[in-house]
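Engineer: Using this note's numbering, you'd call the opening residue of the sequence shown number 2 and step up by one each time.
Incorrect hints may have been included.
Okay, derived cross-link-like pairs now, DSS-like style, lysine-lysine, Cα gap no bigger than 25 Å in a straight line [claimed, not checked]: (1) K181 - K213; (2) K17 - K40; (3) K326 - K25; (4) K25 - K271; (5) K39 - K92; (6) K370 - K351; (7) K351 - K80; (8) K92 - K326; (9) K326 - K300; (10) K59 - K300; (11) K271 - K253; (12) K271 - K395; (13) K253 - K198; (14) K17 - K80; (15) K11 - K25; (16) K253 - K370; (17) K101 - K213; (18) K11 - K40; (19) K395 - K377; (20) K9 - K40; (21) K271 - K326.
If you anchor each label on the Cβ, the simulated ranges turn out as follows [said to hold, decoys possible]: (22) P239 - Q70: 29 to 37 Å; (23) E354 - N62: 46 to 54 Å; (24) K213 - R311: 31 to 39 Å; (25) K181 - K101: 19 to 27 Å; (26) E201 - S46: 16 to 24 Å; (27) E354 - D212: 51 to 59 Å.
These are calculated hints, taken from the structure and not from any lab test. Only a predicted model underlies this, so the values are computations on that prediction, with no experimental measurement involved. Where a beta carbon is used, it is the ideal one built from N, C-alpha and C, also for glycine.
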Amino acid sequence: MPNSISDKEKNEILSKILESDEFKDSSRYQELLSYLAKKSEECDSVKEIDIAIDVFGKDSNFDPSSDPQVRSYISNLRKKLEHFFLTNGEKFNYRIEIPKGHYRIEYLPNKSATSSFKVNRRTYSAILIIVIASALLYFLISHFSTVPKSNYRNFIWDDFLNNQNRLTIVLGDYYILTDKNSLDRIFIRIPYINSDKDYEKYATEDPHFTDKYDKANITYLRPSSVYGLYEIINTLHPQKIFIKLASELQWKDFENGNIIFIGTVKNLYKIDTLLMRTNVRYHISPYTISIVDGNEKIKNTYSLSWQAGRYQNDFGLILKIQSYKNNSILILSGFSEVGIMESIRTALDKNIEQKIRKVSTVTNVDSLKHFEMVLKVEGVELTAFRTSIIYFNKL
Numbered sequence: 002m003p004n005s006i007s008d009k010e011k012n013e014i015l016s017k018i019l020e021s022d023e024f025k026d027s028s029r030y031q032e033l034l035s036y037l038a039k040k041s042e043e044c045d046s047v048k049e050i051d052i053a054i055d056v057f058g059k060d061s062n063f064d065p066s067s068d069p070q071v072r073s074y075i076s077n078l079r080k081k082l083e084h085f086f087l088t089n090g091e092k093f094n095y096r097i098e099i100p101k102g103h104y105r106i107e108y109l110p111n112k113s114a115t116s117s118f119k120v121n122r123r124t125y126s127a128i129l130i131i132v133i134a135s136a137l138l139y140f141l142i143s144h145f146s147t148v149p150k151s152n153y154r155n156f157i158w159d160d161f162l163n164n165q166n167r168l169t170i171v172l173g174d175y176y177i178l179t180d181k182n183s184l185d186r187i188f189i190r191i192p193y194i195n196s197d198k199d200y201e202k203y204a205t206e207d208p209h210f211t212d213k214y215d216k217a218n219i220t221y222l223r224p225s226s227v228y229g230l231y232e233i234i235n236t237l238h239p240q241k242i243f244i245k246l247a248s249e250l251q252w253k254d255f256e257n258g259n260i261i262f263i264g265t266v267k268n269l270y271k272i273d274t275l276l277m278r279t280n281v282r283y284h285i286s287p288y289t290i291s292i293v294d295g296n297e298k299i300k301n302t303y304s305l306s307w308q309a310g311r312y313q314n315d316f317g318l319i320l321k322i323q324s325y326k327n328n329s330i331l332i333l334s335g336f337s338e339v340g341i342m343e344s345i346r347t348a349l350d351k352n353i354e355q356k357i358r359k360v361s362t363v364t365n366v367d368s369l370k371h372f373e374m375v376l377k378v379e380g381v382e383l384t385a386f387r388t389s390i391i392y393f394n395k396l
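Kindly generate the complete structure, drawing on both the sequences and the hints.
Structural biologist: Next comes the structure, spelled out in structure tokens:
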């Protein structure tokens, strides 16, 4: 398809990206993007070995099969670009993308962030889940005296209670596939496919993938999403709350107000791009949490061994990030149920400030607006037996 973008507009977009928060403090990513932009104008194909030599100073003996540095940086660059256009996309008629499996950048027409929402069977399924979750929540609050009665609210919740911004709780739901070759209606969950992008990636790598699997028109929630909502509802009272599934989250939701996410790291969907504003990175296989610096160099890595059976080791993530228009996003997450629930309970803990001070030199904890915290958790299903803060940092 012909591309009508002018050289002037390309340069303007590139200049704005390089000056943005995502890039201005990272000379390596500025250099990499500038190189790709220049090389893409000169060549029909940009090769990994050229990037390795010209940008990373490798020699002609560079072996991409044993050195993943280029691919790692390109992967993070894609996320940085996605995040930039998530928060600034409405200002541009075109966006920059680096297609999966390639290194040549493309300038594509920018879809409106407020494009009309298509209602399909998947949408109706999502609405039904939200209605059921809300009804269950109302029943629990109305009929059980075990709802927390404490009015204590720690510093984490100030943003969500002391302003009139719209507050949306996003429940992490799973990406489901259906078996196209089965006579029965069989639904399949593949752990490494958690979004349309993952689906398209697998379809590109395996030409027979779409012959076997299709995107299902259903989705489902883990128990921690509903129980987690129940845990925090009293703290948020009397704030008006909107509930949405992660799979149905739109770009405009980030602009409209504050967001609280409850779910596994596999359920982040669009919120995943905002992790580039933190120093925390996760990997699903094997389960690891890494802490990086401004150039994506790993400073520390935390690993866990997944255990069969009910007793589990897990990580919990409590990340409070600045979003669009100075809104905040609170991510309460983990790899499994016990990590998610303990992230929620830790965020609600009236003693959280004292616990942070024991492991961090950060001062004025009670006035912190944005931060990142990693927990190490041991427990069974929804209940943690041992929890420790292994990383805390002010953002």
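Engineer: Could you tell me which of the hints above the structure violates, numbers in ascending order?
Structural biologist: 7, 9, 22
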